Each structure stands twice: as structure tokens, then as C-alpha cells.
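Here are the chains, one letter per residue:
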Amino acid sequence: MTALSFADAMQLFVVGLSQGCLYSLIAIGLVLVYKATEQVNFAQGEFMMLGAFVGYQFIVLMGMPYWLGAMLTLVFMGAFGYGVEALVVRRLTGQPVFTVFILTLALGIALRAVAGIIWGFGNYSLPAPVDGNLTLGPVIISWASVLSIVVTAVVASALYLFFRYARQGVAMQALSLNQLAAFYMGIPVKRLTSSIWAMSAIFGGIAGLLLGPMTLVSTQMGFIGFKAFAGAIVGGFGSIPGAVIGCLLIGVTEPFFDIMFPTLKGIGAYLIMFLVLLIRPQGLLAQIYAKKV
Amino acid sequence: MNGLEIDNVSLSFGGLKAVDGLSFSVEPGSVFTIIGPNGAGKSTVFNLICRIYDPSQGDIRFNGKSLRKAKSHEVINHGIARTFQNIELFEHASLLDNLLIGRIRHGKFGPLSELFFTRSQMRQELAHRRKAEEIIEFLDLEGYRHARVADLPYGVRKKTEMARALVSEPKILLLDEPSSGLTSEETDDTAFVIEDIREVLGVTVVMIEHDMKLVNKVSDMVLAINEGRFLASGSASEVQSDPDVQAAYLGGQAA
Numbered sequence: 001m002t003a004l005s006f007a008d009a010m011q012l013f014v015v016g017l018s019q020g021c022l023y024s025l026i027a028i029g030l031v032l033v034y035k036a037t038e039q040v041n042f043a044q045g046e047f048m049m050l051g052a053f054v055g056y057q058f059i060v061l062m063g064m065p066y067w068l069g070a071m072l073t074l075v076f077m078g079a080f081g082y083g084v085e086a087l088v089v090r091r092l093t094g095q096p097v098f099t100v101f102i103l104t105l106a107l108g109i110a111l112r113a114v115a116g117i118i119w120g121f122g123n124y125s126l127p128a129p130v131d132g133n134l135t136l137g138p139v140i141i142s143w144a145s146v147l148s149i150v151v152t153a154v155v156a157s158a159l160y161l162f163f164r165y166a167r168q169g170v171a172m173q174a175l176s177l178n179q180l181a182a183f184y185m186g187i188p189v190k191r192l193t194s195s196i197w198a199m200s201a202i203f204g205g206i207a208g209l210l211l212g213p214m215t216l217v218s219t220q221m222g223f224i225g226f227k228a229f230a231g232a233i234v235g236g237f238g239s240i241p242g243a244v245i246g247c248l249l250i251g252v253t254e255p256f257f258d259i260m261f262p263t264l265k266g267i268g269a270y271l272i273m274f275l276v277l278l279i280r281p282q283g284l285l286a287q288i289y290a291k292k293v
Numbered sequence: 001m002n003g004l005e006i007d008n009v010s011l012s013f014g015g016l017k018a019v020d021g022l023s024f025s026v027e028p029g030s031v032f033t034i035i036g037p038n039g040a041g042k043s044t045v046f047n048l049i050c051r052i053y054d055p056s057q058g059d060i061r062f063n064g065k066s067l068r069k070a071k072s073h074e075v076i077n078h079g080i081a082r083t084f085q086n087i088e089l090f091e092h093a094s095l096l097d098n099l100l101i102g103r104i105r106h107g108k109f110g111p112l113s114e115l116f117f118t119r120s121q122m123r124q125e126l127a128h129r130r131k132a133e134e135i136i137e138f139l140d141l142e143g144y145r146h147a148r149v150a151d152l153p154y155g156v157r158k159k160t161e162m163a164r165a166l167v168s169e170p171k172i173l174l175l176d177e178p179s180s181g182l183t184s185e186e187t188d189d190t191a192f193v194i195e196d197i198r199e200v201l202g203v204t205v206v207m208i209e210h211d212m213k214l215v216n217k218v219s220d221m222v223l224a225i226n227e228g229r230f231l232a233s234g235s236a237s238e239v240q241s242d243p244d245v246q247a248a249y250l251g252g253q254a255a
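For the record, the sequence lines run as chains A and B.
Position 77 of the first sequence, counting from 1, maps to 77 under our numbering, and the rest follow consecutively.
Position 203 of the second sequence, counting from 1, maps to 203 under our numbering, and the rest follow consecutively.
Please keep in mind that the hints were generated in silico from the structure rather than gathered at the bench.
The structure displayed is predicted, hence computed values, not measured ones.
Don't take every hint at face value.
To be verified - Only pairs whose alpha carbons sit at most 20 Å apart, straight line, appear in this in silico SDA-like list of lysine to any residue: (1) A/Lys-190 <-> B/Ser-72; (2) B/Lys-65 <-> B/His-128; (3) B/Lys-71 <-> A/Met-10; (4) A/Lys-190 <-> B/Arg-68; (5) B/Lys-171 <-> B/His-128; (6) B/Lys-71 <-> A/Phe-121; (7) B/Lys-65 <-> B/Glu-27; (8) A/Lys-190 <-> B/Arg-105; (9) B/Lys-171 <-> B/Leu-201; (10) B/Lys-69 <-> A/Ala-198; (11) A/Lys-190 <-> B/Lys-171; (12) A/Lys-190 <-> B/Ile-104; (13) A/Lys-190 <-> B/Glu-74; (14) B/Lys-131 <-> B/His-146; (15) B/Lys-71 <-> A/Ser-194.
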């Protein structure tokens, strides 16, 4: 074990925080769909990858100004998420949960292959929306990381307000509690379910646009979704604040863990998930209630 | 014509004719009861009215307008609300929140006025809350306003579901076995509530019910069906003395 100076620790903390924010954006997408429909989208990581590639298409290959390309990417992702639910996932309504599990797993594999065929299997660089670094005493943090922290904070608070105050948000909560009753109260359940998938894909797209410049865009970048998954489980799968806390916890501890136990690099996230499942299986902020039969 | 009309409606599940050429009409302002043995197709009739199923033939009209083009989430906008035999509430929300969801069809504003909480938005939300309070008082639910629905006793949950349907200000209320699972005191109470729904709120009631005491007490008109077909209709005592109805309940052949 190496001893860490305070400055090094702060540096690792900030790096971990921005990484945790990216996990959070993916996890929010996962939890959103799960809360509303009890379906788990194992292709959420690949949604993020697709967002990064579509951004690469618009911004790098077609040479659009960054913010225009980013906007178009999110519009595309929204339409894509809506379409995936309306055309594919909806056909499995009423089937056992594992059918959706297999469907989304297959969707993820297919998306990786299709992205590879369209854009190639190499690594591609996506420009960051902001350049340079911010220096806070001994700690140096790139503006891109600062942006990912800010964006996550904005998205999480906007979602909170949306579910708390907006009529559509309340309607989404109602449909997540009882779809049949929601139908009879005049809530357009099918359209809202598709909209939830659209929102979830947009969050995936945001994560892809933010992660792309840091790790390069490749068909393999979606595997980071597994860490977001671990974070969501740590938080108690049905809770959005829980998912954010879980992902931040994993993001922040990960770099410390990797430095202290270099031979176990990369498994810190899953060790934390394992510990939480052992000690507090319902997650940090439990949201899942036993279903009445 | 006014009121609810079921016009020669049929529905099959594979080879089984769940509803077979059934016709009846419900007068506005009346209490109309559907009886019949288990599997007679009573709940299926409700599910047809609520557009869960699309009939293979026939039409369903409410105040002269066909419901066959409506999607199931649009039925409530025609003024048709319902309850379920096994209670379908938003279990992990409070009673008050359940009732406020019942107001969702009356919400008129967009996300911007919600975001800025404009004065007209505030007035509208106050009106929703007043309506919810009105129904809470009407059904004696004052003590449970902020309780989580999953924690409430069965009889109160049953009433909560009725309340949620009523806050939507329906013209017609479909009650699927309002007395099932209730104690005999609660069933007596239900009879008064149904009379009040008709007389005080002016809402037409269509109910499916097995408890003949309750049926006799509140019904203006009774319809008996079996195997999806019309058996008899008339006053409660007329229908009960009908030989076909008696045969259907005893499982024998019609005389």
C-alpha cells in the first residue's frame, strides 16, 4: 500500500466524483424504467454507447457545431428510446420478467454489432464541450469533469421536481404503482411508458456525450453500464436518489480501491455491491416493497 | 337516447362465448344491478364498457355516443368511472394522493404553469383539493386522509376506491361487487352510500352484486345473465322469482 498525500486524496476524490456522476446518469435511466414498468433494461450501457456514436456522427463526421450536434443526438436518442418501447418491448407486456431481461441483453449485443458495422470497431475521439482545467489549490480537474458533475446535479434535481410537481410526472408515478388503475383514471399508460423509455435513452445519450471525450468512443464503452447497475443496486434499485448515492459511493471509492489494491483493479464496484447485498439487501434507500399476491 | 346502452354485444375468448348477443340499457339516475352465477360474464360486461375488451359485434353507447372508438384511458372522459372486485388502488400512496389522481382528467394546465405555479394553477389545485375533501366527508374518510392505503383495513380501502372514482365527477359509476369482503355492518353502510351517490351526487350506479339483501335494498332495475346471455330483467323480486334465474343458480336445466 502506498501512503497518499492529502492533495492526492483530494485529486482522487474529485476524479471519482465525476466518474460517479456518469454512472449516476446511466443508473437514473435504469431506475426510471424499472420504477415505471418493473422491467430492467440491460442495454442501458449500450444506449449510452449509441448516444456517443451518434454524437460522433453529427459533431465529428458531419462537422456540426458542438451544441447543435449534441441537441440532435438527444432528439435522436429520445425517438430511439420511444421506438424501442413502442415497437419491441411492449410486445412482451404480461410475459415473465426474464423475457424482457433476455430481450434487452440481446438488444445490447445487437446495438454493439450494428454500431461496429456503421462506425467501425476502433476507438474514436469525441471533442469535449469545454476545454482546459480548473485548478483548485493542489487539485486539478478538467472542465469536462466539472461539466459532468453539474449536468448530473441538474438532471437529478429536474427529475425530482418533475416527479414531485408536474402532472405528467405524477401520472408516471401513478402508473408505476398500478397500471390498471392508472388506465381508469385517464392516464395514457402506453404513451407514458414509451415516454419513460425515451427519457431514459436521453439520459443515456447525455452520459455518452460526456463520457466519450474522456474514454474515447468505442463499441465496448457500454460495459460501464454494469458499474451503474451495481450503483443502482447499492442504492436500492427502485430509488432515484438511492441510485445517485450508490453510484457516487462507487465512483468515489473506486480510484482509492484501485490504488490500494492494484491487483484487484476494476472490481471495487462489485465488492461494494456484494457487501451491501450482504449487510443491507434492500439497498441503502429501500424502495422495493414485497408484492402482495 | 340518454344513459348507457349495451346493444347486441358479443365477445368470445377462443371457443368460449363470454358475452353472447347481450342488450340492456341503464336509465340515467337509476341504480342498475347485474346478477348471475360465477362465470356468467358480469365483470366481462364491465371490461367491455371500460374498453379493456373490444366486442366482436354490437355497440356500446353512452348518452348517444359510441364508446367503441375510445381507448381505455379515454373512457373516464366520457364520465364513466369504476371500482374493482379486488381493489386496484395506488397502494403505496396516501389516501388523499389516490383521490387527487382521480382528478387528473380535470387538470387543464401545461408544464410551464406547473413549473411557475401560476395563480390560476394554484386556484385549480385548490379546487381539486376541495373536491377531494368533499368526497372524503361524503364517505366518512376524514380520519384516514394521510394514511398509506396499503395500511388501511379492507373496508376502508374499498371505500377509498369508491371515493377515487367519485372525485373524477363521473356521470355513471360502475361498482364491481361493492360488498365483497365486507362485514355485514359495512354492507349495510354500503347500501346507504349507494343511495346517497344517486340522490345527493346524482350519479347513475351500475353494480355487480351477489348479496341479495343489498340488491333488494338499492336496485331500481335488476338484470340476470348466465353464460353471457340475457336471463331476465325487472324489479329485484321479479327477477328472483323467475324460473330461469332460479335454475341457473341451482345449476339445473331451465324449465
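These are the hints, each one checked on the structure:
1. A/Lys-190 <-> B/Ser-72: holds, 11 Å
2. B/Lys-65 <-> B/His-128: Violated. B/Lys-65 to B/His-128 sits at ~28 Å, over the 20 Å cutoff.
3. B/Lys-71 <-> A/Met-10: violated, 57 Å
4. A/Lys-190 <-> B/Arg-68: Measuring from Cα to Cα gives roughly 18 Å; hence the hint holds.
5. B/Lys-171 <-> B/His-128: Holds. B/Lys-171 to B/His-128 sits at ~18 Å (cutoff 20 Å).
6. B/Lys-71 <-> A/Phe-121: violated, 45 Å
7. B/Lys-65 <-> B/Glu-27: Distance of about 15 Å is within 20 Å: holds.
8. A/Lys-190 <-> B/Arg-105: Given pair A/Lys-190, B/Arg-105 holds - Cα atoms ~16 Å apart, limit 20 Å.
9. B/Lys-171 <-> B/Leu-201: This hinted pair holds, its Cα atoms lying about 9 Å apart.
10. B/Lys-69 <-> A/Ala-198: violated, 27 Å
11. A/Lys-190 <-> B/Lys-171: violated, 26 Å
12. A/Lys-190 <-> B/Ile-104: Distance ~16 Å between A/Lys-190 and B/Ile-104 Cα, so the pair holds.
13. A/Lys-190 <-> B/Glu-74: Satisfied, since the Cα-Cα distance of roughly 12 Å is no more than 20 Å.
14. B/Lys-131 <-> B/His-146: Given pair B/Lys-131, B/His-146 holds - Cα atoms ~16 Å apart, limit 20 Å.
15. B/Lys-71 <-> A/Ser-194: Roughly 16 Å between the alpha carbons, so the hint for B/Lys-71 and A/Ser-194 holds.
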